[in-house]
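Enquirer: Just need the whole structure built from these sequences, with the hints factored in.
In the order they appear, the protein sequences are chains A and B.
Going by this note's numbering, the first sequence opens with residue 1, and the numbers climb by one from there.
Going by this note's numbering, the second sequence opens with residue 1, and the numbers climb by one from there.
Since the hints were made in silico from the structure, they are not lab data.
Treat the hints loosely; a few may be bogus.
[As the list claims (entries may be wrong)] With a Cα cut of at most 20 angstroms, we get these calculated DMTMM-like pairs of lysine to aspartate or glutamate:
id, chain 1, residue 1, chain 2, residue 2
1, A, K380, A, D357
2, A, K265, B, E309
3, B, K120, A, E42
4, A, K339, A, E87
5, A, K383, A, D357
6, A, K238, B, D109
7, A, K339, A, E157
8, A, K238, B, E106
9, A, K98, A, E326
10, A, K11, A, E21
11, A, K265, A, E214
12, B, K120, B, D80
Chain residues, written in single-letter form:
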Amino acid sequence: MSAAFDEMNGKDGLTRAAYRELAGWLGKVPPDTLQQRRREAELLFRRIGITFAVYGEAESTERLIPFDVVPRILAANEWETVKRGLEQRTKAINLYIKDIYGKREVLRAGIVPEDLVFQNPVFRPEMNGQRVPHDIYVFIAGIDIVRVDADTFYVLEDNTRTPSGVSYMLENREIMLRLFPDLFARHRVAPVENYPDELLATLRSVAPVSAAAEPTIVLLTPGIYNSAYYEHSFLADKLGIELVEGRDLIVKGEVVYMRTTEGLKRVDVIYRRIDDDFLDPLSFRPDSALGVPGIMSAYLAGNVTLTNAVGTGVADDKAVYSYMPEIVKFYLGEEPILKNVPTWRCREVEHLSYVLDNLSELVVKEVHGSGGYGMLIGPKADKLAIEAFREKLKRDPRGFIAQPTLALSTVPTLVDEGLAPRHVDLRPFVLTGRDRIRIVPGGLTRVALKSGSLVVNSSQGGGTKDTWVLDS
Amino acid sequence: MLSRTADNMYWLARYVERAEYLARILEATQRLAAVPTSAGATTNEWESAVATAGCAAAFFSAHKAANEQTVTDFLAFSPDNPSSIRSCFEVARANARSVRTALTMEMWDAINGTWLELQKLGSGPASREQFATFLRWVQESSLRFDGSAYRTMLRNDSYWFSRLGVFMERADNTARILDVKYHLLLPPQEHVGGPLDYFQWAAILRSVSALTAYHWVYRQSLKPWLIADLLMLNDQMPRSLASCYAHLVEHLDNIARAYSRQGPAQRHARLVRTRLVNSRMEEIFKTGLHEFIGGFISDNNRLGALITEQYLL
Numbered sequence: 001m002s003a004a005f006d007e008m009n010g011k012d013g014l015t016r017a018a019y020r021e022l023a024g025w026l027g028k029v030p031p032d033t034l035q036q037r038r039r040e041a042e043l044l045f046r047r048i049g050i051t052f053a054v055y056g057e058a059e060s061t062e063r064l065i066p067f068d069v070v071p072r073i074l075a076a077n078e079w080e081t082v083k084r085g086l087e088q089r090t091k092a093i094n095l096y097i098k099d100i101y102g103k104r105e106v107l108r109a110g111i112v113p114e115d116l117v118f119q120n121p122v123f124r125p126e127m128n129g130q131r132v133p134h135d136i137y138v139f140i141a142g143i144d145i146v147r148v149d150a151d152t153f154y155v156l157e158d159n160t161r162t163p164s165g166v167s168y169m170l171e172n173r174e175i176m177l178r179l180f181p182d183l184f185a186r187h188r189v190a191p192v193e194n195y196p197d198e199l200l201a202t203l204r205s206v207a208p209v210s211a212a213a214e215p216t217i218v219l220l221t222p223g224i225y226n227s228a229y230y231e232h233s234f235l236a237d238k239l240g241i242e243l244v245e246g247r248d249l250i251v252k253g254e255v256v257y258m259r260t261t262e263g264l265k266r267v268d269v270i271y272r273r274i275d276d277d278f279l280d281p282l283s284f285r286p287d288s289a290l291g292v293p294g295i296m297s298a299y300l301a302g303n304v305t306l307t308n309a310v311g312t313g314v315a316d317d318k319a320v321y322s323y324m325p326e327i328v329k330f331y332l333g334e335e336p337i338l339k340n341v342p343t344w345r346c347r348e349v350e351h352l353s354y355v356l357d358n359l360s361e362l363v364v365k366e367v368h369g370s371g372g373y374g375m376l377i378g379p380k381a382d383k384l385a386i387e388a389f390r391e392k393l394k395r396d397p398r399g400f401i402a403q404p405t406l407a408l409s410t411v412p413t414l415v416d417e418g419l420a421p422r423h424v425d426l427r428p429f430v431l432t433g434r435d436r437i438r439i440v441p442g443g444l445t446r447v448a449l450k451s452g453s454l455v456v457n458s459s460q461g462g463g464t465k466d467t468w469v470l471d472s
Numbered sequence: 001m002l003s004r005t006a007d008n009m010y011w012l013a014r015y016v017e018r019a020e021y022l023a024r025i026l027e028a029t030q031r032l033a034a035v036p037t038s039a040g041a042t043t044n045e046w047e048s049a050v051a052t053a054g055c056a057a058a059f060f061s062a063h064k065a066a067n068e069q070t071v072t073d074f075l076a077f078s079p080d081n082p083s084s085i086r087s088c089f090e091v092a093r094a095n096a097r098s099v100r101t102a103l104t105m106e107m108w109d110a111i112n113g114t115w116l117e118l119q120k121l122g123s124g125p126a127s128r129e130q131f132a133t134f135l136r137w138v139q140e141s142s143l144r145f146d147g148s149a150y151r152t153m154l155r156n157d158s159y160w161f162s163r164l165g166v167f168m169e170r171a172d173n174t175a176r177i178l179d180v181k182y183h184l185l186l187p188p189q190e191h192v193g194g195p196l197d198y199f200q201w202a203a204i205l206r207s208v209s210a211l212t213a214y215h216w217v218y219r220q221s222l223k224p225w226l227i228a229d230l231l232m233l234n235d236q237m238p239r240s241l242a243s244c245y246a247h248l249v250e251h252l253d254n255i256a257r258a259y260s261r262q263g264p265a266q267r268h269a270r271l272v273r274t275r276l277v278n279s280r281m282e283e284i285f286k287t288g289l290h291e292f293i294g295g296f297i298s299d300n301n302r303l304g305a306l307i308t309e310q311y312l313l
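Expert: Structural data, given as C-alpha cells:
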C-alpha cells in the first residue's frame, strides 16, 4: 500500500489550492485554542443530546460521536464531478429496482445473475409487478464515496434503504459556524442548511395522486431505543412533521391514519426509518412490534407513499454493488462517472482463488454486512485471524466480496498530540423527487480517528468532520 | 397533535412537578426532624414523609423502619422506587426524548441538563449539607424547566397538555399533604395544640412554599384552619386546590376551543372547580375535613382518567 493522498498537502507536501487559507490559519492558531474549541464542541454536542447507541455496549447506551474541528474541503470543480456521478448513479439505481420488480430485462440480458436477486433475503416478492408512486424507489440515498488521489473518487457503498447521518452533517455545520465564524468569513462555503427544505420538497412531490393538495407527511421511527433516534427526531423537527411510531398509526380500509388528540388523521407520505422486515407484521416479521399491521395493503393500494420504497435492498447489497458499472451502462447508455472500487466476487471461481491467495492484502466483506462488522482487513490482521477467515470464506464464498486495501485519502485532524493526517470517507445525501434530483453540496465526512485505521464507522471509533464545498 | 405526544408532554410535566414536590417534603421533614424532642414529639416525621409522598406500601415492602437514612434514600435516590426523585427525572427525560420535537431547545436543555447532572451524582450525597444542596438543586431544576416551558413554548395544544400535567400533579400533591396531616388542621374547639404543632404547621406550609404567603394573606400567627383555607380554597395561592382547578379549567377550555369540541373532561373539571369556589371552610369542617379531601382526591383521579380517555389514547 502506497502512502495515502492527503487532501490538504497532496503527496508532495505542497498545500492544495482549496486548503490554502485554512492551512495558513492552522499554522498561526495556538494549539491550545484548537483543543479548547474541541472541548467546547463536545460540550455543545452533549448538551444538544446527540447520542448514539453502540450495539453490544450495554453499559453506555448513549455515547457521543467524536467531532473533529478541522473541516474537510472540496473545491467547486471536484464537487461538480462527484455530484454528476451521484445523479447518474441514483437514476440508474431507480431504473434497476423498477426493472427487478417489473420486466427484469437486466436479468434476461445476463447483466446481473438471477440468483443474486431471487436468493437475496432483501428481495421482496410482494413488490413483483407492483407500481410505486411516480416509479421512484429510492428517494433518499446515502452513497459512500472514498478518494484515493487528486482525481479519483470511488463509490464504496450505495445505501438505498434507510441511510442515516444527515443530522450530523447539519449539526456539524451549526457547531462550526458557532465556533469559527472567522474561518467562514474567509471562505465561501456552500450552505447545507437548506437540506430539510429540499427533503420536504422531495417528500411533498411524491405524495399519492389521491392525496390532498397539502399532503400529510410523517417520519416513522422504531422509537427511542433505536441508535439513530436522535436523527429521526431532529429531522422531524426541522421538517415540521410528526415523528410517529408504529403504534401511532392505524390502517382502516387500506388507508393509513395517525392517532391524534382530535381523532384519526389521514397520512399520505411516510418517511420511514424502519427496515422492511419490521414494517408490517402481517406481511413480514410477525413478531415485529415496531410496525403497522396492514400498512402494506394501503401501500399496494396506492394510498400512501413509503420512502424509501419496500424492497430497495436489492440495490445496495455488496454483491450487486460489483455489477453497478454495468447497470449504469445498461440503463443509461453512459460510462459511469464515479468508479467502483475494483471488486472480486468470491462467488466466481477465478476470483475466489485469487482472493484466497492474497488474503493478507485484501479487504474481505460480508455481502449482507454493514457497519464495518464481520470484515477482514488483510494488512492489519494477524495470521490466526486470516486463517480463521479463510475457513469462513471457503464455507460460503457467495457471502463475500473482496477489494484491494485502498489508500483512502487523509485530512489533517486534531488528535491529542496535535494535528495529524487521518483517513476519511464522504456520505453525500441524494434526494430524488418527482420533479428532479436534489443534493446539498458536501455531505457527512467520517474520519477514522485511530492512527492508520481505515474504519470510519462510528460504531467502531470513527468520528465526523464538517464538509466544505467551496463556491467557485 | 399525536395522542402519544400529548401523553408524553403531560407526563413529562407531571414527573418534573413530582420531583420538586418530593424535594420540598424532604426539606420540610429534615427541618421538622431537627426540632428538639423535648417539645414532646412522638410522631415519626420520616414515616409521615413517606405517607405524604404516597408510597408507604412500596416503602415498607423494601424497608423495615422509616428513618432519615432509609427514607431519604428511598424518596430521593432509589432506582427501585418508581417515584423517587431520581426515577422521576429518569422518566421525565425518557418522555422528553420521545417528544424531543415538541419541546423547545430551552426545555430540552433544562431536562437533559438535569439528567446529566444526576448521572454524576452516583448513589447520593455524603453529608446532610450536601443533601440540602441537592434538594435545592432539584427545586431549581424544576423551576428552570417550568420557566422554560412558560417562556418559550408556543401557546398551542402541546403547551396546554403540559400545563394540565403540572396542575393535575400539583393538585394531587397538595391534596395528599392535606390527607396525611388533616388531623393537625382541625377547627379551634377540637384543637389541642402543643408547641410542636407550630413546627408541624410551618412544615406543611413550607412543603408547598407558602409560609411567607400565609403571613401576607392572613397577617396573623399560624392558625390551622387558616392554613387549610389557604391550601384548599384560596385561589391566590398557586398550590391551592382552587388555584390548580382554575388553571385546569382554563387549559382544558383552551384545548376545547382549539378542537371546537367540549367533552367529559371539561365538564368534570368545571364541576370540581365550582364545588371549590362555593365551599366555605366552616361548612367543610362541619361535614368533615377528611371526607372532603378524600372526595377531592377521587374527583381528581377521575379527571386524570377522563383526560387520558379523551385525548391521550
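Enquirer: Which of the listed hints are not met by the structure?
Expert: Result: no hint breaks.
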